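Required output: the full structure, derived from the provided sequences and hints.
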Amino acid sequence: MHPLIRDLYKRAIVVGRDYPLGLEYVRNTWKKALQDPNNSTFENIKDTKLQEKELRKAVGRGRYAIREMIGVIQLKKYRTMRRRYGGGLLDVDGETKRILNACSDLRQQ
Numbered sequence: 000m001h002p003l004i005r006d007l008y009k010r011a012i013v014v015g016r017d018y019p020l021g022l023e024y025v026r027n028t029w030k031k032a033l034q035d036p037n038n039s040t041f042e043n044i045k046d047t048k049l050q051e052k053e054l055r056k057a058v059g060r061g062r063y064a065i066r067e068m069i070g071v072i073q074l075k076k077y078r079t080m081r082r083r084y085g086g087g088l089l090d091v092d093g094e095t096k097r098i099l100n101a102c103s104d105l106r107q108q
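Mapped onto numbering that gives the first Met the number 0, the consecutive letters of the sequence shown carry residue numbers 0 to 108.
Take the hints with a grain of salt, since some may be wrong.
As the list claims (entries may be wrong) - Below are the DSS-like pairs computed for lysine-lysine, each with C-alpha atoms no more than 25 Å apart in a straight line: (1) K9 to K52; (2) K45 to K56; (3) K75 to K48.
Bear in mind the hints are in silico, worked out from the structure with no lab data behind them.
Everything numeric in this text was worked out from a predicted model, so none of it was measured.
Structure (structure tokens):
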């Protein structure tokens, strides 16, 4: 396996740890994609310089896919935080009452 391809697979695995569908899904998908003969058209080229150029283009497409995975992960985290903390809507009056009640409880102790 070419070192660039191995590095690309390692990057995918590291990013896949946080992927919403899980690490196993990412591992299986990337293994299938890397072993698929339709994705390795550069191996049929006889000229080594042209083959290296095609390999680097393929690695660039793989890195783009990893950036897309990172985007999906960030979107999931954003949606989780938004759901967890009320969608960005802050109830100022409710928070003020809660803080005042907590302070009055501390004074009474």
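Assess, step by step, whether the Cα of K75 is no farther than 25 Å from the Cα of K48, and give holds or violated. violated (41 Å)
Does K56 sit within 25 Å of K45, going by the straight-line distance between their CA atoms? holds (17 Å)
Given hint K52 paired with K9 - CA-CA distance at most 25 Å: The hint holds at about 21 Å.
The earlier numbered hint that this structure contradicts is number 3, and it is the only one.
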